[in-house]
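S.K.: Chain residues, written in single-letter form:
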Amino acid sequence: MTQTENPTKARAPRRRSRWNATDLGLIAVFAALVAGSALIAAIPVGGLGVPITLQTLAVMLTGLALGPARAFAAVGLYLLLGFAGLPIFSGGRSGLGVLAGPSAGYIIGFLLAATAVGWLAVVVLARTAKRTGKLRPILLFAAAMVSSIIFIHGLGILGMMVNAKLDFSKAFLADLAFYPGDIIKNVLAVSIALALHKAFPDLLLRRVRTADTRP
Amino acid sequence: MSSHGLLLAAYVPGSSLIHRAPLWLKFLLVVGCGMASFLIADWAVSAVVMTLLCGLFLLSGAGPARLLRAVRPVLPVLLAIGLFQWWQLGAPTAARIVLNVLVCVVAASILTATTPVQALLDGVASLARPFRRFGADPERFALTIAIMLRSIPFVAGAYMDVRDSARARGLERNPRALVLPVFISTVAFARQTGEALAARGLGEPEDPED
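Residue numbers (my numbering), protein chains in the order written: chain B, 1 to 215; chain S, 1001 to 1210.
For the record, the hints were derived by calculation from the structure and aren't laboratory data. Cβ coordinates follow ideal geometry from the N, Cα and C atoms, glycine included. Honestly, I wouldn't trust all of these hints.
Residues of chain S clear of chain B, computed beta-carbon distances all greater than 12 Å [claimed, not checked]:
hint : residue
1    : Pro1022
2    : Leu1025
3    : Thr1051
4    : Leu1068
5    : Gly1170
Each pair of labels, with its calculated beta carbon distance range [claimed, not checked]:
hint : chain 1 : residue 1 : chain 2 : residue 2 : range
6    : S       : Arg1066   : B       : Thr132    : 49 to 59 Å
7    : S       : Leu1202   : B       : Leu173    : 42 to 52 Å
8    : S       : Leu1083   : B       : Gly154    : 50 to 60 Å
9    : S       : Ala1065   : B       : Ile149    : 54 to 64 Å
10   : B       : Pro201    : S       : Gly1063   : 52 to 62 Å
11   : S       : Val1048   : B       : Leu173    : 28 to 38 Å
12   : B       : Ala129    : S       : Leu1025   : 49 to 59 Å
13   : B       : Arg127    : S       : Val1048   : 29 to 39 Å
14   : B       : Thr128    : S       : Leu1052   : 52 to 62 Å
15   : S       : Val1048   : B       : Ala142    : 20 to 30 Å
16   : B       : Pro180    : S       : Ser1015   : 47 to 57 Å
Calculated pairs, SDA-like style, for lysine to any residue (alpha carbon to alpha carbon, straight line, at most 25 Å) [claimed, not checked]:
hint : chain 1 : residue 1 : chain 2 : residue 2
17   : B       : Lys170    : S       : Pro1076
18   : B       : Lys198    : B       : Phe83
19   : B       : Lys165    : S       : Leu1029
20   : B       : Lys165    : S       : Phe1189
21   : B       : Lys130    : B       : Phe172
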């Protein structure tokens, strides 16, 4: 199987010049989507009214919808403009000062998690192209969970250890609070991603298929 | 949320020495403070640096209210960390940790309060210039930034529209009904934008291979 969407190759700028105008539009608008999801008021879910922000949902969905290279570019663009001073981080924060705060690890983790889940999504979608049934959503959910546990939670814990000087067990406990929301958001992200690929079949799937048939 | 409010949020117009300082110098200040926050081991040093930076911020004429607004988003978290570390590691260490984070936040807000957003974005776009020899295209990069900024109000508006229509149908507790239409219309918007760019000959790679 040949993979044109290999993240290490795609990250090299020579590859990037092959993106057409639609790719640029998708990258820019998904970056705006991540920003917008951080800014809107949290939505109360279920009877308990536990508020969740939609930012990690938007980040994971960017990966699931766009694949590794364009997801890396979209989330990277969001981070870059946030660091440059646009108030687009959650709670209206902005600037490089965010990197000194305890949530720095999560923000860096977004970039890697979106790339990782994008890469896994391409693999899953290509391998399950001919199958129908529950396998694809389950594998996509597993991909999203693995990426967010390793990168978002992993780096999030690391960030709290470095910036808030918590030791590992305390940072781990503080991070546990995010797990229930994350599981809900990943279920939601996979269900939305599948709907998106159904509504726009050439968003990522057809790219994968043409990549497979290419000699 | 209007795009204007977003773009003007942090900048305070003025003509102070700090306003006129070159962008790279202010950027260097922010990075330097970031580095320093890892190296400073004494809370008294942190407090001195913090005082200096606050003085610098006030020197720019932005006023104490702006300073307070810049640090307010991090205060609840810092309070929690400060109290916890006071209990765990003692007052001097807790003060050092909290002050070091504040130093970085104030330094970053000096940059954003004294630099117009357009100058900041031009600075970001010019970051791509050194990579031109590796195939990066600064103009396409700047174009992508511009599209993203234009799209943020669209995304915010889509969230509001969808929330209203979900409420009208009695679906305001269904997260999928609240979010899915936003993403569908966002992808459609992205592709329309791409087509509009392509129709104007913008954003396509310089020498297409196919």
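S.K.: Would you mind marking each hint as holding or not holding in the structure?
M.R.: Status of the hints after comparison with the structure:
Every Cβ of chain B is farther than 12 Å from the Cβ of S:Pro1022; the closest lies at roughly 16 Å, confirming the non-interface assignment. Distance check on S:Leu1025: its Cβ is at least 14 Å (rounded) from any Cβ of chain B, clearing the 12 Å threshold; non-interface status holds. Every Cβ of chain B is farther than 12 Å from the Cβ of S:Thr1051; the closest lies at roughly 17 Å, confirming the non-interface assignment. Remark: the non-interface label on S:Leu1068 is consistent with the geometry, its nearest Cβ contact in chain B lying 14 Å away (cut-off 12 Å).
At roughly 15 Å from the closest C-beta of chain B, the C-beta of S:Gly1170 stays outside 12 Å, upholding its exclusion from the interface. Evaluation of the 49 to 59 Å hint for S:Arg1066 and B:Thr132 yields a pass: the beta carbon distance comes to about 58 Å. Taking 42 to 52 Å as the suggested C-beta distance range, the pair S:Leu1202 and B:Leu173 conforms, at roughly 50 Å. For S:Leu1083 and B:Gly154, the hinted distance range of 50 to 60 Å is not satisfied, since their beta carbons lie about 26 Å from each other.
Between S:Ala1065 and B:Ile149 the beta carbon distance is about 42 Å. The supplied range of 54 to 64 Å is therefore violated. Judged by the Cβ atoms, the range 52 to 62 Å given for B:Pro201 and S:Gly1063 holds: they are separated by roughly 54 Å. Look at S:Val1048 against B:Leu173: about 34 Å separates their beta carbons, and that is inside 28 to 38 Å. About 54 Å separates the C-beta atoms of B:Ala129 and S:Leu1025, a value consistent with the hinted range of 49 to 59 Å.
At about 59 Å, the beta-carbon gap between B:Arg127 and S:Val1048 misses the expected band of 29 to 39 Å. At about 59 Å, the beta-carbon gap between B:Thr128 and S:Leu1052 stays in the expected band of 52 to 62 Å. About 51 Å separates the C-beta atoms of S:Val1048 and B:Ala142, a value inconsistent with the hinted range of 20 to 30 Å. Roughly 51 Å separates the CB atoms of B:Pro180 and S:Ser1015, a value that falls within the hinted 47 to 57 Å.
For the suggested pair B:Lys170 and S:Pro1076, the alpha carbons sit about 18 Å apart, so the restraint of at most 25 Å is met. Straight-line distance between C-alpha atoms of B:Lys198 and B:Phe83 comes to about 35 Å, which puts the hinted pair past the 25 Å bound. At roughly 24 Å between alpha-carbon atoms, B:Lys165 and S:Leu1029 fall within 25 Å of each other, so this suggested pair holds. For the given pair, B:Lys165 sits about 43 Å from S:Phe1189 by alpha-carbon distance, which is inconsistent with the 25 Å threshold.
Proposed proximity of B:Lys130 and B:Phe172 is contradicted: the alpha carbons are some 40 Å apart, above 25 Å.
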